[in-house]
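Residue numbers (our numbering), protein chains in the order written: chain P, 106 to 359; chain S, 64 to 414.
Since the hints were derived computationally from the structure, they do not count as laboratory data. Small disclaimer: the values here were computed from a predicted structure and weren't measured. It cannot be assumed that every hint is accurate.
Straight-line C-alpha distance at most 30 angstroms; calculated DSBU-like pairs for lysine-lysine [to be verified]:
1) LYS413(S) x LYS257(P)
2) LYS168(S) x LYS345(P)
3) LYS404(S) x LYS257(P)
4) LYS114(P) x LYS257(P)
5) LYS359(P) x LYS168(S)
6) LYS165(S) x LYS227(S)
7) LYS70(S) x LYS353(P)
8) LYS319(P) x LYS114(P)
9) LYS304(S) x LYS359(P)
10) LYS357(P) x LYS126(S)
11) LYS239(S) x LYS70(S)
12) LYS257(P) x LYS304(S)
13) LYS404(S) x LYS357(P)
14) LYS148(S) x LYS78(S)
15) LYS126(S) x LYS253(P)
16) LYS257(P) x LYS70(S)
17) LYS210(S) x LYS231(S)
18) LYS122(S) x LYS227(S)
19) LYS148(S) x LYS123(S)
20) LYS231(S) x LYS253(P)
21) LYS315(S) x LYS165(S)
22) LYS345(S) x LYS357(P)
23) LYS227(S) x LYS404(S)
24) LYS345(S) x LYS257(P)
25) LYS315(S) x LYS257(P)
26) LYS394(S) x LYS257(P)
27) LYS257(P) x LYS148(S)
28) LYS123(S) x LYS253(P)
29) LYS78(S) x LYS257(P)
30) LYS353(P) x LYS123(S)
31) LYS239(S) x LYS131(S)
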Amino acid sequence: MIKIFKKIKPICGIIPIVLFLAIWEMAVRLNLFPEQFFVPSFSTVVSEFYYLTANGVLGENFLSSLIRVLIGFSSGSIAGFAIGILMGWQDVINKALSPIISLIYPIPALGWLPLLMLWIGINEMLPITIIFICSFFPLLYNTVTGIKNVDKNYIRAAKTLGASNIRILTTVVIPLALPNIFTGLRLEAGMAWRVIIAAEMVAIPTGIGALMMKAESLIRIDIIIVCLMVLSLMCLSFEKFFAYLERKVTAKWK
Amino acid sequence: MPFIEIKRVNNYILKDVNLDVLDRELLVLVGPNGAGKTTLLNVVAGLTDYEGEVFFDGKKIDKLPTNKREIGFQFQDLALFPHLKVESNISYGLLAQGYSPKVVKDRINEVLNLFNIQHIRERYPSNLSGGEKQKVALARAIAPFSKILLMDEPMSNLDPQTSKYLRKELRSILKKLEITIIYVTHNLLEAEEMADRIAYIHNGQIEQIGLPEEFIFNPGTENISKFIGMPNILDCEYCDKFFPGFARVSIKNLQLILPYEGNGRIKKIAIFPQDIYLSSIKPPGPNINRFKGIITEILDFESFSWVKVDVGGNILVAELSRDAIHEMNFKEGKEVFGIIKLRSLRYAEKS
Numbered sequence: 106m107i108k109i110f111k112k113i114k115p116i117c118g119i120i121p122i123v124l125f126l127a128i129w130e131m132a133v134r135l136n137l138f139p140e141q142f143f144v145p146s147f148s149t150v151v152s153e154f155y156y157l158t159a160n161g162v163l164g165e166n167f168l169s170s171l172i173r174v175l176i177g178f179s180s181g182s183i184a185g186f187a188i189g190i191l192m193g194w195q196d197v198i199n200k201a202l203s204p205i206i207s208l209i210y211p212i213p214a215l216g217w218l219p220l221l222m223l224w225i226g227i228n229e230m231l232p233i234t235i236i237f238i239c240s241f242f243p244l245l246y247n248t249v250t251g252i253k254n255v256d257k258n259y260i261r262a263a264k265t266l267g268a269s270n271i272r273i274l275t276t277v278v279i280p281l282a283l284p285n286i287f288t289g290l291r292l293e294a295g296m297a298w299r300v301i302i303a304a305e306m307v308a309i310p311t312g313i314g315a316l317m318m319k320a321e322s323l324i325r326i327d328i329i330i331v332c333l334m335v336l337s338l339m340c341l342s343f344e345k346f347f348a349y350l351e352r353k354v355t356a357k358w359k
Numbered sequence: 064m065p066f067i068e069i070k071r072v073n074n075y076i077l078k079d080v081n082l083d084v085l086d087r088e089l090l091v092l093v094g095p096n097g098a099g100k101t102t103l104l105n106v107v108a109g110l111t112d113y114e115g116e117v118f119f120d121g122k123k124i125d126k127l128p129t130n131k132r133e134i135g136f137q138f139q140d141l142a143l144f145p146h147l148k149v150e151s152n153i154s155y156g157l158l159a160q161g162y163s164p165k166v167v168k169d170r171i172n173e174v175l176n177l178f179n180i181q182h183i184r185e186r187y188p189s190n191l192s193g194g195e196k197q198k199v200a201l202a203r204a205i206a207p208f209s210k211i212l213l214m215d216e217p218m219s220n221l222d223p224q225t226s227k228y229l230r231k232e233l234r235s236i237l238k239k240l241e242i243t244i245i246y247v248t249h250n251l252l253e254a255e256e257m258a259d260r261i262a263y264i265h266n267g268q269i270e271q272i273g274l275p276e277e278f279i280f281n282p283g284t285e286n287i288s289k290f291i292g293m294p295n296i297l298d299c300e301y302c303d304k305f306f307p308g309f310a311r312v313s314i315k316n317l318q319l320i321l322p323y324e325g326n327g328r329i330k331k332i333a334i335f336p337q338d339i340y341l342s343s344i345k346p347p348g349p350n351i352n353r354f355k356g357i358i359t360e361i362l363d364f365e366s367f368s369w370v371k372v373d374v375g376g377n378i379l380v381a382e383l384s385r386d387a388i389h390e391m392n393f394k395e396g397k398e399v400f401g402i403i404k405l406r407s408l409r410y411a412e413k414s
């Protein structure tokens with residue numbers, strides 16, 4: 106019994122998914138769902154996925170979303186990291202900027218949408234700006250926290266060894282703050298994809314969010330489910346990527 | 064001329080501290096927790112604010128920032144950089160101070176060999192034992208050719224066995240370095256084993272500076288007496304060499320044997336209360352360092368008691384737990400037997 110359990114342990118995570126898909130397929134084929142809740146079968150969703158990929162629709166929209174996420178995420182992260190270092194390292198800057206950041210941070214990224222629609226207009230910059238905002242603040246806070254949480258004894262040790270402040274910041278403080286910074290990146294990465302969908306739903310002609318809105322107006326639930334699966338996959342992939350990066354950088358010494 | 068001079072230093076803990084440390088001396092700073100030992104090290108290192116003056120080799124250094132003072136500092140929690148391997152930890156100071164790659168490489172090898180830790184150069188601190196971490200921290204502190212080394216309770220994180228083993232090796236290495244060292248500890252035994260001289264600090268003030276035996280046989284204040292454990296000090300009437308490496312002393316009706324390598328004569332013996340074992344029955348074994356006496360007084364404290372025993376005219380104070388006294392039914396007037404631990408006896412020689 107134990108030997109059987111040991112053999113199936115590696116695939117334990119896949120079994121529930123396979124079971125869920127099988128139940129979904131059987132439930133639809135046996136007409137178990139009421140008519141008004143049209144639920145396509147899993148096989149229908151798969152064939153729609155193939156069709157959308159083959160005709161380039163899914164690829165084109167996915168690429169639009171991906172480019173917006175990458176631009177917004179990377180620019181927001183870099184800005185959050187840079188200002189986070191300044192605020193974490195220099196108390197004066199932290200005291201000067203903390204009040205204003207505390208006022209702006211609680212506003213959800215999507216809350217900026219109406220204002221940005223008027224200021225920027227409905228174009229490529231709108232979703233990119235939303236993702237910039239949703240990426241900036243978490244990384245700012247995690248960087249500040251990471252830097253402030255570095256044990257002061259490491260800084261004192263580096264001083265006694267003759268290191269300048271810049272050297273201490275770059276060779277001791279930032280490396281030791283990396284675990285916090287990576288946590289920020291992992292949290293943002295998934296959030297960026299969740300936010301882009303909502304931003305694209307507002308009259309942006311291309312992107313996964315836009316595709317979902319078009320499918321909704323045509324009552325194409327199978328296409329909506331395909332888009333949701335792509336979204337889920339991308340959130341997971343980005344989070345796993347940063348988790349891998351964190352392990353690669355910090356696992357040996359943590 | 065002293066290499067480190069501390070003059071009239073005051074801050075939130077230290078009160079008018081004056082201290083001279085001689086060139087290449089290993090001065091041990093002892094005192095209870097909160098006395099100001101670490102604060103004094105921080106003053107020398109420039110890590111805390113203070114009023115007063117500090118001189119290194121005759122030069123006033125109060126205005127110099129920490130990273131310009133050219134000191135090595137081994138912190139109590141070692142503060143090894145966790146993200147750097149042993150070799151990178153050791154080379155950190157050399158690189159920060161701008162030494163050439165060749166000098167850095169040669170110095171790292173020299174220091175690794177000195178501490179016999181070449182085999183761990185590629186490891187991260189998380190993969191080191193307590194003793195190895197301690198050596199790496201010390202290696203890092205001295206690698207940049209520091210002329211002054213400050214050590215803050217370096218043995219505090221080690222178990223007693225490792226600490227005891229490392230102390231001997233450490234003193235030998237430290238004396239080889241030929242640099243001026245201030246070493247902080249709250250452990251008197253450690254201070255005795257490491258020090259050229261000891262300075263006792265209490266409530267931010269230096270109360271006594273002198274050789275280790277001066278503290279035991281001539282404590283300057285009651286604070287020092289209490290700190291060292293109020294040993295029984297006995298005048299020797301007779302002393303001779305008993306066996307190679309041992310001497311025999313007579314103190315009225317008490318005969319003691321103790322390790323002794325000197326050529327002089329022993330004048331006084333110090334026996335700490337916790338190094339005397341008492342029993343209501345005669346202990347087995349040879350009649351060496353054993354006695355019989357009568358309990359004259361029992362003084363109770365919070366978790367232990369002092370038992371005063373009259374041993375043929377000598378009054379010895381032994382420290383026992385309150386449970387032990389209760390179990391053995393010790394009371395005034397009762398006859399007891401005692402054993403004195405051989406290797407914990409201290410002596411002062413006739414000059």
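To see whether the hints hold, each was checked on the structure:
no., hint, verdict
1, LYS413(S) x LYS257(P), "50 angstroms, violated"
2, LYS168(S) x LYS345(P), "39 angstroms, violated"
3, LYS404(S) x LYS257(P), "44 angstroms, violated"
4, LYS114(P) x LYS257(P), "44 angstroms, violated"
5, LYS359(P) x LYS168(S), "26 angstroms, holds"
6, LYS165(S) x LYS227(S), "36 angstroms, violated"
7, LYS70(S) x LYS353(P), "51 angstroms, violated"
8, LYS319(P) x LYS114(P), "42 angstroms, violated"
9, LYS304(S) x LYS359(P), "57 angstroms, violated"
10, LYS357(P) x LYS126(S), "40 angstroms, violated"
11, LYS239(S) x LYS70(S), "29 angstroms, holds"
12, LYS257(P) x LYS304(S), "55 angstroms, violated"
13, LYS404(S) x LYS357(P), "48 angstroms, violated"
14, LYS148(S) x LYS78(S), "41 angstroms, violated"
15, LYS126(S) x LYS253(P), "27 angstroms, holds"
16, LYS257(P) x LYS70(S), "28 angstroms, holds"
17, LYS210(S) x LYS231(S), "22 angstroms, holds"
18, LYS122(S) x LYS227(S), "37 angstroms, violated"
19, LYS148(S) x LYS123(S), "36 angstroms, violated"
20, LYS231(S) x LYS253(P), "39 angstroms, violated"
21, LYS315(S) x LYS165(S), "67 angstroms, violated"
22, LYS345(S) x LYS357(P), "59 angstroms, violated"
23, LYS227(S) x LYS404(S), "17 angstroms, holds"
24, LYS345(S) x LYS257(P), "57 angstroms, violated"
25, LYS315(S) x LYS257(P), "58 angstroms, violated"
26, LYS394(S) x LYS257(P), "54 angstroms, violated"
27, LYS257(P) x LYS148(S), "20 angstroms, holds"
28, LYS123(S) x LYS253(P), "33 angstroms, violated"
29, LYS78(S) x LYS257(P), "26 angstroms, holds"
30, LYS353(P) x LYS123(S), "48 angstroms, violated"
31, LYS239(S) x LYS131(S), "25 angstroms, holds"
Taken one by one, the earlier hints fail for this structure at numbers 1, 2, 3, 4, 6, 7, 8, 9, 10, 12, 13, 14, 18, 19, 20, 21, 22, 24, 25, 26, 28 and 30, listed in ascending order.
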